[in-house]
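Asks: Residues per chain are reported as follows:
Protein chains: 2
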Amino acid sequence: MAMKNVMKATLAQGKQTDILFADDLKDLSSHLGGYGRLVMWVFDTNTAKLFKQLPPSHVVLESGEISKNFASLERILSSALDEGLARDGRIIGFGGGVVCDMAAFASSIYMRGCRLTLVPTTLLSMVDAAVGGKTAIDFHGVKNIVGSFYPASEVLICIDTLRTLSDKEFLNGLAEVIKHALLSQDEELYKFLLVKKNEILSRDAKTLAQLVELSLAVKQWYIEQDPTETMGIRQMLNLGHTFGHALESSSHFGQFSHGAAVAWGTCRALEAGVTMQVTDKAYASGATKLFKSYGYQIDHRIGRGDWIEFRDHLLKDKKKVDGKVLFVLLEGQGKAVLKSIEMPLVQHLVIAKPLF
Amino acid sequence: MAMKNVMKATLAQGKQTDILFADDLKDLSSHLGGYGRLVMWVFDTNTAKLFKQLPPSHVVLESGEISKNFASLERILSSALDEGLARDGRIIGFGGGVVCDMAAFASSIYMRGCRLTLVPTTLLSMVDAAVGGKTAIDFHGVKNIVGSFYPASEVLICIDTLRTLSDKEFLNGLAEVIKHALLSQDEELYKFLLVKKNEILSRDAKTLAQLVELSLAVKQWYIEQDPTETMGIRQMLNLGHTFGHALESSSHFGQFSHGAAVAWGTCRALEAGVTMQVTDKAYASGATKLFKSYGYQIDHRIGRGDWIEFRDHLLKDKKKVDGKVLFVLLEGQGKAVLKSIEMPLVQHLVIAKPLF
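Protein chains in written order, with the numbering used here: chain A, 1 to 356; chain B, 1 to 356.
Don't read these hints as lab results, they were simulated from the structure.
Given the structure is predicted, the values throughout are model-derived calculations rather than measurements.
Yeah, the Cβ is synthetic: ideal placement off N, Cα and C, and Gly gets one too.
Treat each hint with caution, since some may be false.
Result set (SDA-like, lysine to any residue): computed pairs, CA atoms no more than 25 Å apart in a straight line [claimed, not checked]:
#1 A:Lys320 x B:Arg90
#2 B:Lys319 x A:Leu81
#3 B:Lys206 x B:Thr228
#4 A:Lys206 x A:Ala217
Reference excerpt, derived from the structure (chain B facing chain A, CB under 10 Å, subset only) [to be verified]:
#5 Asn46
#6 Gly84
#7 Arg87
#8 Val278
Chain B stretches covered by chain A per the calculated footprint, using a threshold of three residues with CB under 8 Å from any CB of chain A [stated by the list, open to error]:
#9 105-117
#10 137-151
#11 317-331
Excised from the complex, chain A in its bound form (with noise of 0.2 Å):
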């Protein structure tokens, strides 16, 4: 079967990224193969072994978010230029969202731009980082602090790949899923997650297919209406980001997978709505509990004595204004805003008994 094209979103500077399906490897690399010799590949050590033979032009970054640095930009620009790749050239970043992450914002420097297909393989990828043009690299131990808006013009999906992934890691990306569901101006995705749990778990490749594209759907519509985050609409999708990665940042990117953070952090941001009186309580108490039933640990604590240097990692935020960080809570199913919270309050919120 030909790849299957499923979506067009458009976005920063109208451009549009082509998502297509494809039914395995073989459909991949065939499609793939037509781009011919001016393209450079970039891969992980994870995603290199699932070639017999790379293809000529390629860089394999270590995997996992240590790569996501200067070093690892260098390194993809320098054989760029080494092998000749021109501003019509094109950089296939395949791998997981740290590779996603570092093709494009290569990609989105190199010659101030080049072609770019991203090839996600894990879940987390698929929902998040291929789509929708968010680039970056972690900088002094901040996570995602410096990089660009660049859409990739083409990404490529194979539910296949993710058959191999470990628990944790689907984990890592059905917690993005889950968060999309509560942001979801309509209930579909809630009430898939709600029923197909078992076939979700057991990995169904017909079921996986179905949610990363109801998942897609909702992030669509935010980041359409807003590509480069400028009209406070996209900045929704960071619902359970800014207590997330703070917790990541204090573990130094290590206890918490990304994932695991944000539904931990979706948790955080849902008591705090329900203590501000902006969040209905049984919405909370429901979408805490979705969480819990896909086995997240969401009762973490911070402990008394890391709670300054988590503090220090939620002043880094990206999402502030006038010095105030910005948290996104939920009115309920899809109505999101942008609240500042007291940090006392904050303070509580990771540290006391959880609300549910």
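Knowing the structure of chain A, use the given hints to seat chain B on it.
Replies: Just chain B, lined up with the frame of chain A:
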């Protein structure tokens, strides 16, 4: 006198750049003082000397092309982070082309884009680097090979700063002005350069203000139609740059200033056009004379032993389609076309005796 707003240019992503003229440094300082504390300044070792006391948040780069690299970029980003600059903060680049490029590139990727004011202090940066949104660093010995499109929200021009430039630095900028004169849709700037030569070379303030305005108007005509250089219009501003960059690179950014190289390169492009029967001979001869009258050494020859290095630099140019380097040639006043030139002709043009 308050600052004078002379132009508005609408650029990449629909962003607008206000170009304001200040009477003197005092005017400028009072305008910049209005931003309060959410700013970080970028100087170089030359422009830092213009201030008795530097503003609290600043980075001072070593002056010269040597600073246009990843290390300087990381220094600026690192300082911004240390100063707690948020997305609504502003980076102010105060200096020549290198400072403008570095401040703008850093601003474009700091938190995926913060605010940007440029204060170009050389003729070259006033008529070229500061306006148009192109940012870049050099990488692996290749000029401007990594960068972004990111227009400043504000460009502040203070003609006063041109008074202290060396003659070499002044001519460095004037070459781009003459290039703009050839690319202009009318002959106003060309005639201005012919008639006002003495006033220009003696740096009469009023004359220079007119010169900068006329030159910027030409640049604006090209960039507004094609902000991200994807329509084949903005590329025409690269007249003289393909030959010129290769000369700069193969002389290791030392012997030839950018402007001197562009003057030389433009004359090579005019000769190429005449040989290929694209350019009117009388027009090419007149334009070459204009460069000569301002003192450019356009008769420089590439030694036979240096040809291979020169050619290799040429082949790294960004204006490549299907592996062929394209050159901007002139059919006549304001009529530019992109053409590839056979390598033997390129070699002849830079090695053999000049046509004019």
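Asks: Now look at each hint and say whether the structure bears it out.
Replies: Tested hints:
1. A:Lys320 x B:Arg90: Judged against 25 Å, a Cα distance of about 13 Å means the pair holds.
2. B:Lys319 x A:Leu81: Holds, at roughly 14 Å.
3. B:Lys206 x B:Thr228: 33 Å, violated
4. A:Lys206 x A:Ala217: 17 Å, holds
5. Asn46: With a closest approach of 27 Å, the Asn46 of chain B hint is violated.
6. Gly84: With a minimum Cβ separation of about 8 Å from chain A (threshold 10 Å), the hint on Gly84 of chain B holds.
7. Arg87: 5 Å, holds
8. Val278: For Val278 of chain B, the interface hint is violated, since the closest Cβ of chain A sits about 23 Å away, which is over 10 Å.
9. 105-117: holds (count 6)
10. 137-151: It holds, with 8 qualifying residues against the three required.
11. 317-331: Our answer is that it holds, as 6 residues pass the Cβ test (under 8 Å) against chain A, meeting three.
Consistency note: the structure conflicts with the earlier hints numbered 3, 5, 8.
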